[in-house]
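The chain contents come next:
There are 2 protein chains.
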Amino acid sequence: MTLIAQPQSMHFTQALGLRCGRELGPYQLVYETYGQLNAQRSNAVLICHALNASHHVAGTYPGQDKSEGWWDNMVGPGKPLDTDRFFVVGVNNLGSCFGSTGPMHTHPQTGQVYGADFPVVTVEDWVNSQARLLDQLGIEQLAAVMGGSLGGMQALSWTLQHPDRVRHALVIASSPNLNAENIAFNEVARRAIATDPDFHGGHFYRHGVVPKRGLRIARMLGHITYLSDDVMNAKFGRRLRHALAGASFQYTTQDIEFEIESYLRHQGDKFSDYFDANTYLLITRALDYFDPAREFGGDLSAALARAKADFLLISFSTDWRFSPARSREMVRALLQNRSTVSYAEIDAPHGHDAFLLDDARYLSLVRSYFDQIAQQGGFA
Amino acid sequence: MTLIAQPQSMHFTQALGLRCGRELGPYQLVYETYGQLNAQRSNAVLICHALNASHHVAGTYPGQDKSEGWWDNMVGPGKPLDTDRFFVVGVNNLGSCFGSTGPMHTHPQTGQVYGADFPVVTVEDWVNSQARLLDQLGIEQLAAVMGGSLGGMQALSWTLQHPDRVRHALVIASSPNLNAENIAFNEVARRAIATDPDFHGGHFYRHGVVPKRGLRIARMLGHITYLSDDVMNAKFGRRLRHALAGASFQYTTQDIEFEIESYLRHQGDKFSDYFDANTYLLITRALDYFDPAREFGGDLSAALARAKADFLLISFSTDWRFSPARSREMVRALLQNRSTVSYAEIDAPHGHDAFLLDDARYLSLVRSYFDQIAQQGGFA
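Heads up: the sequence lines are chains R and D, in that order. Following this note's numbering, the numbering of the first sequence begins with 133 at its first residue and continues without gaps. Following this note's numbering, the numbering of the second sequence begins with 133 at its first residue and continues without gaps.
Keep in mind the hints are simulated off the structure, nothing from the lab. Hints are supplied without guarantee of correctness; some may be wrong.
Treat identical chains as interchangeable: a pair holds within one or across any two.
Cross-link-like lysine to any residue pairs, in silico, SDA-like; alpha carbons within 25 Å at most [said to hold, decoys possible]:
#: 1; residue 1: K344; residue 2: H332
#: 2; residue 1: K367; residue 2: K402
#: 3; residue 1: K367; residue 2: Q172
#: 4; residue 1: K402; residue 2: D387
Bound-form chain R, shown alone (with noise of 0.2 Å):
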């Protein structure tokens, strides 16, 4: 059966107070759900997105050929998180280029396009933003939040900031902190686009360009952070791009020569297309604030010890940007706590990507564990 999608907007007149000091509101969230919320308004699962991703989840827009939502190998009819049974809530989250307000659009106040001056969003915030929404949804209580990677931060900050609204947390390739090495990365990134003249301080909408340049050096780099050694190696190798029968290198150093600068100038092409350069710094700085145990003194488990839920981690072997390490860490501050804790480390070659991808075992332990709270929650 074919899920199809809808996105949905929902207007905020009240201001948002955000971590960094100042207001975000009015505002407005794009969101879509699927399935059907029960009588007791107690199946609902919140889905929170990672860097690139947005509210469309699972399912497809009519007449729009490759829709499909981002997690729509996890989110569906008879799918992992089954809407047949959930009624699961994607959200985009504020200071985003899907829909919910961000620095694409104008500011009610001044009337001109935010830019530069929107404001520094956290994690927190979005948490924030994201049960304001459900507020007006009518759901007290998730049957779960879940989240991969940066969106996995965000489930495990519900926890935290709304410990009474959520029953199970499903913290997926994820991490209590980023460390310096992916700071650095981030970092690196954000002064590409920032240095990029096209960027005029962020304020390039008013001059009518884009600065692509950044984006797409942003976005080939992040692909590197995303895959394997191995599976970049069994990828690419080092195949030539014109790799014929005896074919020679060309000697360039502007041309490609090799398969991967031809997929990573493609990728960062394609992203430069349609991804907003103030999005991207607002995203990856959102990352490398989000450290729940700042204000515990580094102490994970003191900081953990508000939350109630339940929780499933997963990590991926291969994953070095957000290793198993990491999730270790949280599963260990976890248990100190006396929470009830699952970890499933997968022993998958796709690094940091294998949150998004089909592996079996994967997929059907989050089967398991959804099935598990559907009949806790006597709805299976």
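Given chain R, work out where chain D should sit, using these hints.
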């Protein structure tokens, strides 16, 4: 005792045939020598440099503070490579920006600065140019050739192109070729440079500008890959730049927040002040292209069968750019050929940079190896 370094220059009128099919010439090589060539001319050691280095391997320039050579901890009187016993030659490679003929120089035929028209040079070309320099210096056979990283590739290549001219090869923190991930990082750096509007297709000299934005990005990215995750966490972690007690985030996307950002920006700025953009493209391409097994259908053992030298290979446990696994590939191939090989995997926290740093086990290992060479050669 302080070693005083003195750069010298050698002019070559005969053009050098290159792998790319083009010829380069006339050209000059800048080099330095330390110690004395013995009467038998048997105590010469050639040092090959990596991406960012030069002929200035050891010693200082009179009256110049902090002018120590890049491997001054390794080479000098009483050092592991002891210039009281060995005659050491450091040579700047063609295409570099430190004195030997490169893209910043004028093409003798056209009277124009080479810029992007400088021919693509390879590791093999460098080795051939170094061999010509040794001819002029009256050195028929090297006691040893030694290099780290890209320098190690040159050392390996020496044993294949001029097997009778090398008694020992020290191949440190190196690889028999780059894998897809390494090529990918190089390509991101090259694109950052080549898409900088100030690059002008490589002819920026004519425009009186320098593509500093691209060079900064390239260098920032490089630095991430030279360091290990562990050492970055130890040196920088998540520390804020303004880390006063209780200091909070500034919530900024374009300004520096974390110390690691400050470090990377500083490194990028420094680099963009002195390094040449075309040289960066050329040297990263030389890295990409090096692959002696390619002509042998990928059979590294067959490729290395020509070598007659004895080998010392060294790798560092946390080097993820030129990992120990890549050194082990070379060791296995050499052992299959019954070459004489010593191999050490040094447990060091510093990542790829370790080959330049003071590690007692590493330095004493190299010292012992050169002691042995000196004893064999009768100049101990």
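To see whether the hints hold, each was checked on the structure:
For the homomeric pair K344 and H332, the shortest alpha-carbon distances inside one copy (12 Å) and between copies (17 Å) are both at most 25 Å. With identical chains, the CA atoms of K367 and K402 are at most 25 Å apart within one copy only, with a shortest distance of 20 Å there and 36 Å across copies. When the C-alpha separation of K367 and Q172 is checked against a cutoff of 25 Å, the pair qualifies neither within a copy, at 48 Å, nor between copies, at 52 Å. Taking the shortest Cα distances, K402 and D387 sit within 25 Å of each other inside one copy (18 Å), while across copies they are farther apart (28 Å).
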